[in-house]
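*Asks:* Sequence:
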Amino acid sequence: MDHTPIIVTGPPGCGKSYWIQKYAQEIQKQLFVCPCRKDRTLRDGRQKLHIWARRTEPAILWLEGADDLTPEAQAFLRRILETHASEVLFILECRDAGRLQEPIRSRCKMKRIRLPSWTDLDQYLSTIRGLNRSEIKEYLTTNELSFRRAKQCAQLQLHYPETWNHTLEHRRKEREEMKQLSSDKLPQYIQEGYHPELFIHSLLLDDRVLKDYGVCTELAGSLWAFLGSTLDRRAFDRVMTTPQKEEE
Numbered sequence: 051m052d053h054t055p056i057i058v059t060g061p062p063g064c065g066k067s068y069w070i071q072k073y074a075q076e077i078q079k080q081l082f083v084c085p086c087r088k089d090r091t092l093r094d095g096r097q098k099l100h101i102w103a104r105r106t107e108p109a110i111l112w113l114e115g116a117d118d119l120t121p122e123a124q125a126f127l128r129r130i131l132e133t134h135a136s137e138v139l140f141i142l143e144c145r146d147a148g149r150l151q152e153p154i155r156s157r158c159k160m161k162r163i164r165l166p167s168w169t170d171l172d173q174y175l176s177t178i179r180g181l182n183r184s185e186i187k188e189y190l191t192t193n194e195l196s197f198r199r200a201k202q203c204a205q206l207q208l209h210y211p212e213t214w215n216h217t218l219e220h221r222r223k224e225r226e227e228m229k230q231l232s233s234d235k236l237p238q239y240i241q242e243g244y245h246p247e248l249f250i251h252s253l254l255l256d257d258r259v260l261k262d263y264g265v266c267t268e269l270a271g272s273l274w275a276f277l278g279s280t281l282d283r284r285a286f287d288r289v290m291t292t293p294q295k296e297e298e
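Residue numbers in the sequence shown follow our numbering, run continuously in steps of one, and reach 298 at the last position.
Think of the hints as simulated: they come from the structure by calculation, not from any bench.
For clarity, every value in this text was computed on a predicted model and none was experimentally measured.
Taking lysine-lysine and the BS3-like style, the derived pairs with C-alpha atoms no more than 30 Å apart in a straight line are:
| no. | residue 1 | residue 2 |
| --- | --- | --- |
| 1 | Lys261 | Lys223 |
| 2 | Lys201 | Lys223 |
| 3 | Lys187 | Lys235 |
| 4 | Lys79 | Lys161 |
| 5 | Lys223 | Lys235 |
| 6 | Lys187 | Lys161 |
| 7 | Lys98 | Lys88 |
Ranges of calculated distance between the beta carbons of each label pair, as one might list FRET restraints:
| no. | residue 1 | residue 2 | range |
| --- | --- | --- | --- |
| 8 | Glu212 | Arg93 | 40 to 48 Å |
| 9 | Gln202 | Ala285 | 32 to 40 Å |
| 10 | Val83 | Leu273 | 30 to 38 Å |
| 11 | Arg93 | Leu255 | 44 to 52 Å |
| 12 | Lys229 | Thr91 | 50 to 58 Å |
| 13 | Ser67 | Thr106 | 20 to 28 Å |
| 14 | His53 | Leu181 | 31 to 39 Å |
| 15 | Asn193 | Asp94 | 32 to 40 Å |
| 16 | Asp94 | Ser156 | 23 to 31 Å |
| 17 | Lys235 | Val83 | 43 to 51 Å |
Virtual Cβ for every residue (Gly too), placed ideally from N, Cα, C.
When you get a sec, could you build the whole thing from the sequences and use the hints?
*Replies:* Take a look at the structure:
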C-alpha cells in the first residue's frame with residue numbers, strides 16, 4: 051500500500067474528519083489523533099509523534115489542524131515525514147493547505163473535499179436512528195450545508211426536542227419575513243433574534259448590493275446597518291421607477 055502522506059483540505063464542516071475516520075475503517079488501520087490547533091508549537095506532542103511515527107504496526111497518524119502549526123513546528127514535522135516508519139500513514143488535515151510549508155506539501159498527496167450537497171448529508175443522517183431528516187432539510191439553508199451543521203441539528207432534535215421545535219419555528223418565521231423585508235422593522239428583527247446574513251443573502255442578486263456587501267464585510271461593518279441602508283435604497287428606487295398616474 052502507498053504510504054505517501056496525505057493532505058486533506060477543505061472549508062470548515064465539509065467532512066474532512068468524517069472522511070479520515072471512514073478511510074481508517076476502510077483500510078483497517080488504527081487511528082491516532084494529534085490536535086495541532088490546541089498545540090500549535092507541538093510542545094506537548096513531539097514525544098508522542100516520535101513514538102507513533104516509529105510504530106511497526108499499521109497505523110494512521112492524523113494531524114488535526116496542521117495548517118495552524120508554527121513554522122518551527124512545521125520544520126519538526128518535515129523531519130518526521132522524512133524518517134517515519136513505512137507502516138505509518140500521516141494525514142494532515144487543514145483548512146488552508148497554502149499555510150503549510152512547501153517542503154511539506156511536496157512530500158504529500160492532496161485530497162480536496164468540498165462542501166456536501168443535501169444528498170450527502172441525507173445519506174450521513176440516515177445512519178442516525180430516530181431522526182426526522184425532512185425537518186433538518188427544511189431548516190438548513192444552502193450556505194449552511196455542512197456535516198458539522200447537520201450533526202448539530204441532529205443532536206438538538208434527538209436530545210432537546212422542545213428547543214429544536216422552537217428553533218425550527220423561529221427559522222420558519224425568519225423566512226416569512228424575508229418575503230416582505232422593511233427597514234422600518236429592523237428593531238423587530240433584532241429583538242426577535244433573526245440573523246442579518248440570511249436577510250442580506252436574499253438581496254444579493256442585485257450587483258450593487260453584492261459589491262457593497264463585499265466592502266462591508268471587508269471593513270467589518272455592521273450588517274444590520276448595511277441591511278437597513280440597502281432596504282431604504284431599494285424602497286427609494288422602487289418609488290422613483292413607479293410610473294406616476296396622469297392627472298385627470
